[in-house]
Each structure stands twice: as C-alpha cells, then as structure tokens.
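Asker: Sequence:
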Amino acid sequence: MSTLPPFTQSEPFSLGVELELQLVDLQNYNLAMESKDFLRRLSETRHPGEIKPEITLAMIELNSSVHKTYQSLISELHVLRDIVAEQAAQTHIGVCGGGAHPFQKWAKQRIFPTARFTNVSEQYGYLAKQFTVFGQHIHIGCDNGDDALYLCHAMARYMPQFIALSAASPFNQSVDTSFDCSRLAVISAFPLSGTPPWLLSWADFSTFFESMFNLGIVKSMKDFYWDIRPKPEFGTIEIRICDTPLTVDKAADIAAYAQMLACWLIDARPEIHREIYLTYLFNRFNAARYGLEGEFIDPVRHHHTPLTDDILQTCIQLKPYAEKLDCEAALHRIKTCVDSRKNDAAWIRKRFAKYKSLTDTVRSQTELWSSRNNETE
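In our numbering, each number is its position in the sequence shown, counted from 1, plus 463.
These are computed hints drawn from the structure, not numbers from a lab. Among the hints, erroneous ones may be present.
The calculated lysine to any residue pairs, modelled on SDA-like cross-linking and capped at a C-alpha distance of 20 Å, are [to be verified]:
1) K682 / A666
2) K813 / S637
3) K499 / E549
4) K813 / V638
5) K798 / I779
6) K787 / Q534
7) K682 / T466
8) K568 / S641
9) K499 / W569
10) K805 / D639
11) K805 / F748
12) K805 / E673
13) K787 / F748
14) K798 / E786
15) K515 / A548
16) K568 / A548
17) K592 / D488
18) K515 / D500
19) K515 / T577
20) K682 / N582
21) K515 / R573
22) K592 / F566
23) K571 / E497
24) K819 / F566
25) K568 / D639
26) K568 / A666
27) K682 / S584
28) K682 / S669
29) K515 / I546
30) K571 / Q490
31) K798 / R732
32) K515 / F566
33) K531 / D789
34) K805 / F815
35) K819 / D639
36) K531 / S584
37) K787 / R732
From just these sequences and the hints, can you work out the full model?
Answerer: What follows is the structure, given as structure tokens:
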C-alpha cells in the first residue's frame, strides 16, 4: 500500500531554502571530510533553521525556516551564514558555495553514516560518491496538490533560466568543463532524475506513486531526484535544479525570483503544454553548457530566443509581483546579472584567470561566502 502522505495545505507562496555547502581544508583548499565534528560543534550553538549532514562527509546543508517574505529569508540566511562562518573561524575548516568543488576526487569521498545515505550508496554504487555536488533547493508553498502539480509543469518551461542564473560549477575534477554548470551531469546519471510524469491531479499522482511504491522502485518522494517535485508533507513544490550560489544574497535573490514566478503563474494560470518536454532536455543542456550565453527553444511557438532575452521578458511580467511581494531589489539584481552576463561561473573563471590556481580560486570562494560585503563582480 502507498505511503504517500496527503498534500498538506500551506500558505501559498511561502518560501524556504536549502543550501548544500562545501567544507574545505584551509591548508590546501581541498574538500575536508569533517562534517561530523563540524555539525557537533554547531549543535552547541543556538541558531534558526537547521544545519544538517549531506551524503558525503565534506558537505553540510543549511535549511531556512518558512518565510512569507524575501526580506525575512535573507535576514535569516545572513544569520546562518555568520554562525557557520564563526564556527569555521575556530577550526581549520573553510566553507564556500559553488555547485562543484573544482579539484576534489570523488573516489576519495566518504559517505556520511546514516541509514538513508548508506542505502543510497549500496543502491547506486559509485554514483553516491559522485553525488558530492552542491545545490540550492527552493520550496514554494501551495494551497493544494493540484496547484503543486500545475506549478511543477508550468515552471518546467523556466528551468533553463534557473540553471543559467545559478550556474557555479565550471570546473570539475581539476579541469574547465566548458560548462557553466557541470553539476547537472552528475544528477542526470540517476535513473529517477529528470521530470515528473504528466499528471495534473493529486489523485492521479497518488495512483502513480502507489504503483512505483508497489513495484519496489521508491519508498518515499525523496527517491525521486526530479528537477522539480511536489513535497506533500511540507505542502510545497521543491525546485532542485540550481547550483548553490557563491553567496547567500544570490541564493535569496534566486529564491525570490521563484516566488514571484509562482505567484504570477497561479494568478494568471497560463495554459501549460505537454510539448514543453519535447525540448526540455535540450534546453536544460544548453543552459548548463552555455549559461547566460545560451538560447531557449520554445516548442509551442516554434521559436528560438537568447536565454537572456527570455529572462528579461519574464522580469517584465514579474514586475507587478515584485511590488506585491516587496522584492523589487531581488528582481533588480536578477536583471543586472542578466544584463552583464556575469553569473557565478563567470566569477569563478575570472578568479582562475587571475590566480592561475584552483587552490587560490577556492580560497577566494571561501572568503566571498563569509564576507558581509559579497559582491560577485
């Protein structure tokens, strides 16, 4: 029998963020497998939200509380950043953002010893250690399950925008990958990655889940590594496609962009087309490969457009919702990022060009993440 919980009603457009962060050794700036001790020390400090382990020992995850506004979210993320940075300053550990560590070797990583992570390692073998990549997950509150499924499919058309805006993993395994976001290639290797099935009612989705459960393929919604998925126990959709940005400010801006977009989609209810998935994987690849220099192919209108133009046109549609949700500053910074074509991948490449050293590049990432004046220019 299915264990899918009923969809919990939550406040529409409420906001939450998860940030997977890198722990690095300040002697050599390689990943440091120190999360058990680091989290133990943090547990002795009062802080909002949660700070949790992730699948390997060089990762931690920051979870915000639930927020109504962008302002309260960014305020809490600043507090969490400062607490983590203060703890790191007392150790030999640094903390940084970015979607992938540029020169760590996945085979040397170790699995964090929980039952779930051990099961993932046993099921997926070497993929579990390759999962040492770092993403931002954004939760948006939904009134009901049908709205959540509508948003999952309506937002699929905008996932290339989120990839390009958040891209922060140009280097991987010591080489420039030519991608702005190399992290997504790791996620794509999992059999339950990709997109949810074309189901638009919660009743139909529950039937689908029951079938997958009874076949022994999944035990919970956590087993689906989709780019965007419903989370019935939270009453949210969860956007999982973003790299972890280099700063919490950028993370908050991208979360606010998702909040504005969800608000517009539910308000305007534009028709969603199954055809969007005809080009989904190509658009996804294009955004990961070229970032803000990519293009978007709309299979409904049979139209090619620069991805930057697509984002800026979306920003025009979202302007009234930025005012409604009091996040005009976030929308302005999104537009500035697009106009300059400078995402975090560009910042990382610029630092490597300056230092000619991946070690010094990671050092600059740790300095940026903990800074209270963290412009990525």
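Asker: Evaluate each hint against the coordinates.
Answerer: Hints and how they fare:
no.: 1; hint: K682 / A666; verdict: holds (18 Å)
no.: 2; hint: K813 / S637; verdict: holds (16 Å)
no.: 3; hint: K499 / E549; verdict: holds (17 Å)
no.: 4; hint: K813 / V638; verdict: holds (15 Å)
no.: 5; hint: K798 / I779; verdict: holds (10 Å)
no.: 6; hint: K787 / Q534; verdict: holds (13 Å)
no.: 7; hint: K682 / T466; verdict: holds (8 Å)
no.: 8; hint: K568 / S641; verdict: holds (19 Å)
no.: 9; hint: K499 / W569; verdict: holds (19 Å)
no.: 10; hint: K805 / D639; verdict: holds (17 Å)
no.: 11; hint: K805 / F748; verdict: holds (19 Å)
no.: 12; hint: K805 / E673; verdict: violated (44 Å)
no.: 13; hint: K787 / F748; verdict: violated (33 Å)
no.: 14; hint: K798 / E786; verdict: holds (15 Å)
no.: 15; hint: K515 / A548; verdict: holds (15 Å)
no.: 16; hint: K568 / A548; verdict: violated (25 Å)
no.: 17; hint: K592 / D488; verdict: holds (19 Å)
no.: 18; hint: K515 / D500; verdict: holds (12 Å)
no.: 19; hint: K515 / T577; verdict: holds (12 Å)
no.: 20; hint: K682 / N582; verdict: holds (12 Å)
no.: 21; hint: K515 / R573; verdict: holds (16 Å)
no.: 22; hint: K592 / F566; verdict: holds (14 Å)
no.: 23; hint: K571 / E497; verdict: holds (13 Å)
no.: 24; hint: K819 / F566; verdict: holds (14 Å)
no.: 25; hint: K568 / D639; verdict: holds (15 Å)
no.: 26; hint: K568 / A666; verdict: violated (44 Å)
no.: 27; hint: K682 / S584; verdict: holds (16 Å)
no.: 28; hint: K682 / S669; verdict: holds (13 Å)
no.: 29; hint: K515 / I546; verdict: holds (14 Å)
no.: 30; hint: K571 / Q490; verdict: holds (18 Å)
no.: 31; hint: K798 / R732; verdict: violated (24 Å)
no.: 32; hint: K515 / F566; verdict: violated (24 Å)
no.: 33; hint: K531 / D789; verdict: holds (10 Å)
no.: 34; hint: K805 / F815; verdict: holds (15 Å)
no.: 35; hint: K819 / D639; verdict: holds (12 Å)
no.: 36; hint: K531 / S584; verdict: violated (36 Å)
no.: 37; hint: K787 / R732; verdict: holds (17 Å)
Checked against the numbered hints given earlier, the structure breaks hints 12, 13, 16, 26, 31, 32, 36 and satisfies all the rest.
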